[in-house]
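Chemist: Single-letter residue listing:
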Amino acid sequence: MELVVSLGIGVLAGSGVWLLMRPRTFQVIIGLSLLGYAVNLFIFSTGVLRSGAAAILSPGEVGSIDRYADPLPQALVLTAIVIGFATTALMLVVLLAARGLTRSDHVDGREPER
Amino acid sequence: MSTLLDHLVIAPILVPMLAGIATILIGERSRVLTIATGFASVIGLVVLAAALLILSDEPVARAYRLGDWPALFGIVLVLDRLAALMLMLAALLGLAAFSFSLGRWARAGAHFHPLFQFQLMGLNGAFLAGDIFNLFVFFEVMLAASYGLALHGSGTARVRAGLHYIVINLVASAFFLVGVSVLYGVAGTLNMADLAARIRMLEAEDRGLVEAGAAILGIAFLTKAAIWPLGFWLPATYAAASTPAAAIMSILSKVGIYAVLRMWLLLFGDGAGLSQGFAGAVLTIGGLATLAFGSVAVLATQNLARLAGASVLVSSGTLLAAIGAGEAAVTGGALFYMTSSVLAIGALFLLIELVERGRDVGADVLAVTREAFGTPEEEPPAEEAEVGIAIPGTLAMLGFAFLACALLLAGLPPLSGFLAKFAILAPLLGPGPVPATSWVLLAALVLSGLATIIAMTRTGIEVFWAAPEGTAPRVAVVEIAPVAGLLLLTVALTLAAGPAMEFMQRTAEALHAPQGYLRGVLGGPP
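Just so you know, the protein sequences line up as chains A and B, in that order. Throughout the first sequence, residue numbering follows full-length UniProt numbering, covering 1 to 114 in sequence. Throughout the second sequence, residue numbering follows full-length UniProt numbering, covering 1 to 526 in sequence.
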């Protein structure tokens, strides 16, 4: 379980960073989104990862506090998702404005000379 | 202690929030009402900050528990001397920038007033936050508003610089979150005071992870503080932003410094056990590199707004290098320097626009080119006629303000910039052997002052003396008053240097020995 999650985070973060380095604004915003997903998963995983566990209680089981994952990272991740969503939306607006004003979707606002 | 006084701590967040909401609701219907609301908010903030500054000057930090939950479970706001000092700086700069914006900038685009209020709310919240996640949330509030302000007025240059600014800050936010969650994963708490207490008891094998988490967090803070090589975005963004936005954003880089000061001294300050002084060398060397880069940028720049941006870099570098020394006396000097330089850079950003108004577009570049290649003046100056023509009154006033900014930024007497640099250097060269880094810092500070004075003199001559047929810029009272006000404050700071410096020293000692902070938040003996 840990391996799958870490690999997932790694692949998302790696792809995100690679896309961030690309010259087109659309690639950058997708890269930022992927990086955001990687970070959110990372925060989520600082609670406890467990597979095949019951949501609250299995039948015939007595409840105990250490059966539950830490709820705080889940609350954090929720906040981080909302903030990430808002900033991505804002970024999209700026991206469109830049596209309209510079007539180019290059991050520097002009095509590199070849 | 009355209960009302206790609730004063949250007021610097609530006042701009309510004012921001009110200005959204009023919208375009009544300009007078919008301005009145905004003014009430910024003046209220200055008064509040003054009250909190007096309240905070006590040995134990004041914690405000939201919902009265115990500090470890609920959200706390913490007011100590450093937080109060930063609140005061933000409020003063907010008042100046707001007043300036009434001249023309507030009308240059939609929603200036709400964005401005939310910017102040984010700043104040970041200074008061008692746990790192709320620090993140207020960072985002502050940044979201600053994205809007950076783009205020629109135009190709702003959108292009704003795009870079937003991407860099979003990546920095990702680092921030990773750092927060690593620290939470190891220490099991987000409360700064609790985190500091737990780090002192941590096993040796967990230390690597804590240090890694703190370092990742540090990247996010230092990107805001524009340390070399994370600060290349700063001059371009600040130069492109509209004037009042740039003035208020000049304190945004100080938020990064504040966070470093707070977190680093709390987590890795005296008594932090094995991790004590972690990454101090990074701060010193990074600060020196920023200082060097900033000085070169100041010299190389051809544009007044970029000159101000480069000055922000110089100021950040000085602060980081001084903080990295890890001595309470030096930190006290650094706090004095920060106060002086925030006021001076704020004034400079506002001043630039007024000065540039009377000039042709591209005059800066032309001037430097002329200097470099020795292109003769287009026409020889008329000999007799021009002698004795007085510089117009407005221009003289602007020139005087510019001179004051130059003295402050270069650190020359008689203004507070000199005292600030002296306050940083004196304890470094105190009794006992002086380490090599102190000599390097001394040399770097003096050289950066030289670079600043060369650049400012050159610009000053071009702008005020050698300007070809400068038409006197038309300046409204609400625009020159904030510049004069900020500069008068530095004069006041110079005159009251004794008490101010004592306050800074008390602040620095409380930061270096955070028992008062821990006791204020966690209660009981540390």
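Keep in mind the hints are simulated off the structure, nothing from the lab. All figures in this text were calculated on a predicted structure; none of them were measured in a lab. There may be inaccurate statements among the hints.
[Said to hold, decoys possible] Part of the chain A face toward chain B, derived, beta carbon under 8 Å:
| id | residue |
| --- | --- |
| 1 | Leu41 |
| 2 | Met91 |
| 3 | Leu92 |
| 4 | Leu101 |
| 5 | Gly109 |
Note that the Cβ used here is the ideal one computed from N, Cα and C, for glycine as well.
Chemist: Does Leu41 (chain A) hold up as a contact with chain B if the rule is Cβ-Cβ below 8 Å?
Modeler: With Cβ-Cβ at 10 Å, over 8 Å, it is violated.
Chemist: Take the shortest C-beta to C-beta distance between Gly109 (chain A) and chain B; is it under 8 Å?
Modeler: Since the shortest Cβ distance to chain B is 4 Å, the answer is holds.
Chemist: With 8 Å as the cut and Cβ atoms as the points, is Leu101 (chain A) at the interface with chain B?
Modeler: holds, 5 Å
Chemist: Hint validation: Leu92 (chain A) versus chain B, beta carbon distance must be below 8 Å. Holds or violated?
Modeler: Hint on Leu92 (chain A): violated, closest Cβ of chain B at ~11 Å, above 8 Å.
Chemist: Given Met91 (chain A) was flagged as interface, is its beta-carbon under 8 Å from a beta-carbon of chain B?
Modeler: Holds, because the Cβ-Cβ distance from Met91 (chain A) to chain B comes to roughly 6 Å (cut-off 8 Å).
In this structure, the hints that do not hold are numbers 1, 3, in rising order.
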